[in-house]
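Fit chain B to the supplied structure of chain A, relying on the hints for placement.
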Amino acid sequence: MKRLPRLSTILWCALAALLLWPLFSWAIVHAVWIPDIDACRAARGVGACWGVITEKHRMLLFGRYPYAEQWRPLAATVLILLVLGGASWRRLWQPRLALGGLLVLGLAVLLMRGGLAGLSTVNTKEWGGLPLTLLISLGSTLLAFPFAILLALGRRSPLPLLRSLSTSYIELVRGVPLISLLFMAAFLFPLLLPAQLRIDILPRVVLTIAAFAAAYLAEVIRGGLQAVPAGQAIAAKALGMRYSQITLFIVLPQALRTALPALVNSFVGIFKDSSLISIVSLHELTGALAISLGGDADWRSFYLEGYLFIALIYWAFCFTLSQVSRHFEARLAHSRQKPQPEAAG
Amino acid sequence: MTRPRLRTLGLLCALAVSALSTPLAHAGKTLDTIKQRGNIQCGVSSGVAGFSLPDSQGRWSGFDVDLCRAIAASVLGDPNKVNFVPLNSQQRFSAIQSGEVDILARNTTWTLTRDASLGLSFTGITYFDGQGFLVPKKLKLTSAKQLKNAEICVQSGTTNEKNLADYFRSQNIKIKPVVFEGFEASFKAFFSGRCQAYTTDISGLAGVRNKEAKNPDDYVILPEVISKEPLGPAVRRGDDDWFAIVRWVAFALIEAEEGGITQANIDSIKADSKDPAIQRLLGTGEDSGKLLGLDRDWAYRAIKSVGNYGEVFARNVGPNSVLKLPRGLNNLWNKGGILYAPPIR
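Top line first, the protein sequences correspond to chains A and B.
Numbered according to our numbering, the first sequence spans residues 1 to 345.
Numbered according to our numbering, the second sequence spans residues 1001 to 1345.
Okay, chain A solo, but in the shape it has when bound:
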């Protein structure tokens, strides 16, 4: 009886090896790593052509950003990653450092934009690749989150006007595909506005994604709010706390803690949804792939390798995000189980 699972394990491994071997052979053994088009052509169908990444990596990572200035998006990406890394370190969660993080993000945007300190101005339409994906998803998440909290609170508000406004906003936005909202923001909006009031395409798109994401996040947060026992608010009220205090210090922290897994799920969704902006001429990772390979008759044949490279980047970010959130969940669950010192004494 004990040998049976072992035997099946061996069989499964053999099967997996059998199935994965062609992939391994294609991706590693017979792959071409140097940017040599003839070698890649010769290996077609047998081995992957990772040389296409080597050849096009600047375009893939930074899109249409002027070639000579690409150290700027590189530096901006590093800054953004530093902020993200800091934000996932619990010990650094202080209001002062949060403000510092926002400032660093602002610095990253300034670096990309230029126009001061001797840097040439680079129009947002020319931004692209990884820094654009990061800026758009991070910017829209940061804007959407507070808005989503207000919407969730509004939907549970005892005031009928506020409640119906929040509810209709959420239902309206959730009923429309993001792609159509983006299209309206990018092309319809400038037609309706006079030429003097023209807002740059990037803020328009970030605001659109934020407005869209807020509706989804609001529902997630509302779920968390509903999970907080009513007794908590009543007890806080009995202690003489005001509505704002009850919400900020009693209800919201518990609600957000409950909603954390679902929130992270939404953040991952926003990050991947940012790829939709390639339809409005902003060439983030996916769009950068299209312009770097689409017209190049030589390298066009190796689209698959390009897609795999982009997928790897997306996966790395999403996986890290979910790992960080699992870490927090574990910590929060732990702190919840711990007996409170006041209760003990």
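Bear in mind the hints are in silico, worked out from the structure with no lab data behind them.
Worth double-checking, as some hints may not be accurate.
What the hints assert, rightly or not - Here are some, though not all, of the chain B residues that point toward chain A, as calculated from beta-carbon distances under 7 angstroms:
hint : residue
1    : Ser-1046
2    : Gly-1047
3    : Val-1048
4    : Ala-1049
5    : Leu-1053
6    : Pro-1054
7    : Ser-1056
To be verified - Residues from chain B that face chain A, not an exhaustive set, calculated with beta carbons under 7 angstroms:
hint : residue
8    : Gln-1057
9    : Gly-1058
10   : Pro-1086
11   : Leu-1087
12   : Ser-1094
13   : Ser-1098
14   : Glu-1184
15   : Gly-1207
16   : Lys-1211
17   : Val-1322
Ideal Cβ placement from N, Cα and C applies to all residues, glycine included.
Chain B in isolation, oriented as in the chain A frame:
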């Protein structure tokens, strides 16, 4: 004897009318905006071999790209003062309507619907394309009419899909279109044997055969051209002065080929030529630029920067390119093609 006087009178009348409507030196709002901005926003495709594509360093090249460079050289004196905006087929028209781009040079077919209902005007035809068929040589086909009951791979949402259905309906031949969402998907399916024929514009067919087929000689392009696809630049409706500039820069490139002026010999011809037509074109004779709101060297700079039409063709889609397309219809009217530019006088 009365004719020259009548012509002068007519010219004077025309001048008077245009002087009344707009000041002569003042050429259009678009031109002013471009001069103020210091570059031309040129809407191109996000990658079509031979027409517009960025290389690994992000430098753009192609037939459409060269046209925009010629216009920039003509208007701003520098062929590099162009910002190329890659647009996909859904967004191209709204981009020109909303003023995001000044010219749409995105291998776009001139049709009545587009000309009459999209708020844009095509300035002329710079490339005569048409839809054709690619078939494996081993099928021994000599005409598209033999494609009875054949499965034909085609990209969805293009004029190609509609033309395919129209053509075979008119021929009373039953075929089975196999529709694919993307350009790559459609030809990959054909080469993997999914269809007996592949259809797209002939300029695209050549690139696909030369670059994607394992052995290009195994495939032939059938003689039938089933549709007219006149490609040309378009500008926003309502600025006739800008329209005229875009139109006449393209004509100047064709005139240059007719007059035997190339990038290499233009300076010596400019210095020596006594031909009034060439003198007018190159700015040493009668000032042809003033009427367009430009200076007298407008055409000289355009030709100097990209070469004449024949050179642009050869470099991007002709013998010196990967596409190796024959001139065909795109030859000069006196060399068997239908390119015909009105005289510059």
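Subject >> Hints violated by the structure (listed by number, smallest first) >> reply: none
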